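Chemist: Counting from 1 along the sequence shown, just add 1166 to a position and that's the residue number in the working numbering.
It should be emphasised that the hints constitute simulated quantities derived from the structure, not laboratory data.
The structure presented is a predicted model; accordingly, all values stated were derived computationally and were not measured.
Every residue gets a Cβ at the ideal spot worked out from N, C-alpha and C, and that includes glycine.
One or more of the hints may lead you astray.
[Said to hold, decoys possible] With beta-carbon atoms standing in for the labels, derived distance ranges:
1) 1254 to 1220: 31 to 39 Å
2) 1241 to 1207: 15 to 23 Å
3) 1251 to 1210: 14 to 22 Å
4) 1210 to 1287: 21 to 29 Å
5) 1241 to 1196: 25 to 33 Å
6) 1259 to 1192: 29 to 37 Å
7) 1207 to 1233: 16 to 24 Å
8) 1281 to 1254: 37 to 45 Å
9) 1186 to 1264: 34 to 42 Å
10) 1253 to 1186: 41 to 49 Å
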Amino acid sequence: MADPEYIPADSDPMARRSDPARNLAVVVYILQALSFFVGGITGLVGVIINYVKLDDVRNTWIERHFQWQIRTFWIGLLWTVIGIVTAPLIIGWFILLGISIWIIYRIVKGALALNEGKAPS
């Protein structure tokens, strides 16, 4: 596979919209959003895509999005498991609500940054 084109971090954000690796990040954000409706399996598929293609986006502005998505998945999974385990103690329901809001926030913030041609922050 050909090396991805390097786009410097200080380049024009609109020029970044034509980056082919951007499509992968879009797909993963969509898969993460769909995971709320299909029991998380699409989130797992998304993080697998992130890990498989991470070397292809190394040293590009898309790498930050991949790291953002990977972090969102793992922290979300950890707190979801904690929430499920503690659900009988009532506090688990609050944990699940909180982590759901946090994951939605991360997906929206990352997708908006991607649309603007910027790295999430």
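Chemist: If a hint holds in the structure, say so; if it does not, say that too.
Modeler: Verification of the supplied hints:
A C-beta distance of roughly 38 Å is found between residue 1254 and residue 1220, which places it inside the suggested range of 31 to 39 Å. At roughly 18 Å, the beta carbons of residue 1241 and residue 1207 sit within the given window of 15 to 23 Å. Take residue 1251 and residue 1210: their Cβ atoms lie about 19 Å apart, and the range 14 to 22 Å holds. Residue 1210 and residue 1287 have their C-beta atoms about 26 Å apart, which keeps the hinted 21 to 29 Å range intact.
Between residue 1241 and residue 1196 the beta carbons are some 19 Å apart, a value that contradicts the proposed interval 25 to 33 Å. A hinted range of 29 to 37 Å holds for the C-beta pair residue 1259 and residue 1192, which are about 32 Å apart. Residue 1207 and residue 1233 have their C-beta atoms about 22 Å apart, which keeps the hinted 16 to 24 Å range intact. Between residue 1281 and residue 1254, the C-beta spacing of about 41 Å keeps the proposed range 37 to 45 Å intact.
Taken as a hint, the range 34 to 42 Å holds for the pair residue 1186 and residue 1264, whose Cβ atoms sit roughly 36 Å apart. A hinted range of 41 to 49 Å for the beta carbons of residue 1253 and residue 1186 is consistent with their spacing of about 42 Å.
In this structure, only the earlier hint numbered 5 is contradicted, and the remaining ones agree with it.
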